[in-house]
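**Student:** Chains as they are written, first to last, in full-length UniProt numbering: chain X, 1 to 211; chain L, 1 to 250.
None of these hints come from the bench; they were simulated from the model. Any given hint could turn out to be false.
As the list claims (entries may be wrong) - In the DSSO-like style, the derived pairs of lysine-lysine whose C-alpha atoms are separated by at most 30 angstroms in a straight line are: (1) L:Lys221 with L:Lys29; (2) L:Lys90 with L:Lys178; (3) X:Lys84 with L:Lys221; (4) L:Lys240 with X:Lys84; (5) L:Lys29 with L:Lys178; (6) X:Lys116 with L:Lys229; (7) L:Lys57 with L:Lys178; (8) X:Lys84 with X:Lys102; (9) L:Lys207 with L:Lys173; (10) L:Lys57 with L:Lys20; (11) L:Lys29 with X:Lys116; (12) L:Lys207 with L:Lys43.
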Amino acid sequence: MSGLKPGEVNLGTSIMAVQFEGGVIIGADSRTTTGSYIANRVTDKLTEVHDTIYCCRSGSAADTQAVADIVHYYLQMYTVQNGKPTVPLAASLFQELCYQNKDSLSAGIIVGGWDKVNGGSVWNIPLGGSLHRQPFAIGGSGSTYIYGYCDAKYRDGMNQEECIEFVKNSLALAMSRDGSSGGVIRMAIITEKGVERIFVPGDKLPVHWEG
Amino acid sequence: MSSIGTGYDVSVSTYSPDGKVFQVEYAGKAVENSGTAIGIRVKDGVVLAVEKLIQSKLLVPGANRRIQNVDRHIGIATAGLLADGRHIVKRAREEAQSWRDIYRQPIDGPNIASRVGDYVAAYTLYSSVRPFGSSTIIATMDNTGPKLYMVEPSGLYWGYHGTAIGKGRQVAKTEIEKLNLAEMTCREAVKHAARIIYNVHDDAKDKEFELELSWVCEESKGLHQVVPKEIADEAEQLAKAALTEDMDDD
C-alpha cells in the first residue's frame, strides 16, 4: 500500500460509504500518520466536491487533496455551464485523474452523494483507477479488517438510522484493529436536503469484544 | 440587400466601415446557393431532410450523403460546401468523443452545438484561414428530450423548433411555420419534411434530386438513423402526390 515518497504523509485510514433510500452515509476515521507519528489525530477525510457530492480520501494526503481540489474546480465549472452534475459524473472525473496518473498517485477514493437522477449512489475508486458502483464501499488500510464484518452485517434496504449504526460500528472495529486508523469518527448524511455532519468522539466509540 | 465591400472584403480579419466582415457574408452565399436542408423538432424527436441535388447520372444513388452521424444520438445535415461540412462533422465527432472520455456520458445538445459553434467561429478570426462555407443543422436527443440547432459560417448558432437553409429556405420556413410542431409526432413530421423538400425543389432551375431523410426520436430509441425505408417511401409518395395536387388546381 505504501507507494508513499519519503516524507509524505499517509492517510492510513478507514473509510466507508453506504447508500440508502434517499441518500448516502459516508464515514471516516481521523488519523494521519508520518511513519508511526500521528501527524493529525483529528483529520477530516470527508471532502466536499459539490453541494451534495463528497469523497472519502485514503492513501497519500497530498495526492488525495490535490485530486479532490481539481475535481472540485471542474465541477464548479460544469455547474456554471451545464447545471448540477450527477454523482457518476463526479466519479468519472475522479477516475480519469486516478487512472491517467496511476504511476504517480497513491489514492484510494470513495465518492458518495445524492443527485436528482440517481438518488443516493456510492462509487469506489481503488488504487489502479477503476470505477465501481456499489451499494456500500469500504477503503483504506483499516478496511481489510472489516470485510468479513461488513459482509455479515450489511442488508439491502436499510434506512438512514440503520446505515449510520452500520458505518459507526464498522469503522470503530477497523479503528481498533488497524494501527494506522483511529481518533474520532466523522460521518456525513447526504440527501436531497443537503449535508448533515455527525461527530463521534474517541471516548464514545462503539466497543467490540476487547477481552 | 447585398452591399459591395470593395477594399474591405479581401481578408476575414478586416471590418468594413459599417461593421461587417464581408468574407463571412460571402461564405454565407455558398450556403444560400446550395440544395435545401431542413430540420424539424417535434414532440418525440427531430427530423432532418435534405434536397440532395444530383450533379451527374453516374453518381451512385444513396452515396455522398449530406446527413451524417455524430456519436449515436446526434445527426448533422450540411448545406454549402460539402467538403467543409464533412470537416465540421469530423470535428463534432472528436468533440463528442472527448466529452465521453472525460464525463463517461454522451454529450448533450447545447454542448455539442456550443463546441461546433466555437470551432466554426475560430475560423473567422484569422486571415490565414478562410471561414467555412457551410451551415450545419444539428439534431440531438437525450434524456432531456429532442433538440435542434443551426450553426452559420459566422459561428453564430441558435436553438430552433424548425429551421431551413439553402436555396429553398424562404419557402421552407414559411411552410414550417404553418405546422403545429409541439403536438406533432416524428411519423407525421417525416411526411411534412418530405412534402416541404419536394415543394421547394425548383424543377426549372435544378436537375434531379434525391431526398435524404433522417430522424432521432423515441421510435428510433434515441439513435440517429436514416428513416426506415417503408416510412420514407410512404412519405415520398405522399410528397409527390401533394405536388401534382398543387399543379392541378389552377
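**Student:** Are the Cα positions of Lys57 (chain L) and Lys178 (chain L) separated by 30 angstroms at most?
**Tutor:** Between Lys57 (chain L) and Lys178 (chain L) the Cα gap is close to 35 angstroms, so the pair fails against 30 angstroms, i.e. violated.
**Student:** Lys29 (chain L) and Lys178 (chain L): Cα distance at most 30 angstroms?
**Tutor:** Holds - the C-alpha atoms of Lys178 (chain L) and Lys29 (chain L) are around 27 angstroms apart, at most 30 angstroms.
**Student:** Taken at face value, is the distance from the CA of Lys221 (chain L) to the CA of Lys84 (chain X) at most 30 angstroms?
**Tutor:** holds (26 angstroms)
**Student:** With a cut-off of 30 angstroms on the C-alpha distance, tell me whether Lys221 (chain L) and Lys29 (chain L) pass.
**Tutor:** violated (37 angstroms)
**Student:** Given the hinted pair Lys29 (chain L) and Lys116 (chain X), is their Cα-Cα distance within 30 angstroms?
**Tutor:** violated (46 angstroms)
**Student:** Holds or violated: Lys240 (chain L) with Lys84 (chain X), Cα cutoff 30 angstroms?
**Tutor:** Judged against 30 angstroms, a Cα distance of about 48 angstroms means the pair is violated.
**Student:** Given the hint that Lys207 (chain L) pairs with Lys43 (chain L), does the C-alpha gap stay at or below 30 angstroms?
**Tutor:** Not OK: Lys207 (chain L) and Lys43 (chain L) at ~35 angstroms, beyond 30 angstroms, violated.
**Student:** Can you confirm whether the C-alpha distance between Lys90 (chain L) and Lys178 (chain L) stays at or below 30 angstroms?
**Tutor:** violated (34 angstroms)
**Student:** Given the hint that Lys207 (chain L) pairs with Lys173 (chain L), test it: the Cα-Cα distance must not exceed 30 angstroms.
**Tutor:** holds (22 angstroms)
**Student:** With a cut-off of 30 angstroms on the C-alpha distance, tell me whether Lys116 (chain X) and Lys229 (chain L) pass.
**Tutor:** Since the Cα atoms of Lys116 (chain X) and Lys229 (chain L) sit roughly 39 angstroms apart, the hinted pair is violated (cutoff 30 angstroms).
**Student:** Given the hint that Lys84 (chain X) pairs with Lys102 (chain X), does the C-alpha gap stay at or below 30 angstroms?
**Tutor:** holds (28 angstroms)
**Student:** Below or equal to 30 angstroms on CA atoms is what counts here, so check Lys57 (chain L) against Lys20 (chain L).
**Tutor:** Given pair Lys57 (chain L), Lys20 (chain L) is violated - Cα atoms ~41 angstroms apart, limit 30 angstroms.
In terms of the numbered hints stated before, the structure departs from hints 1, 2, 4, 6, 7, 10, 11 and 12, listed from lowest to highest.
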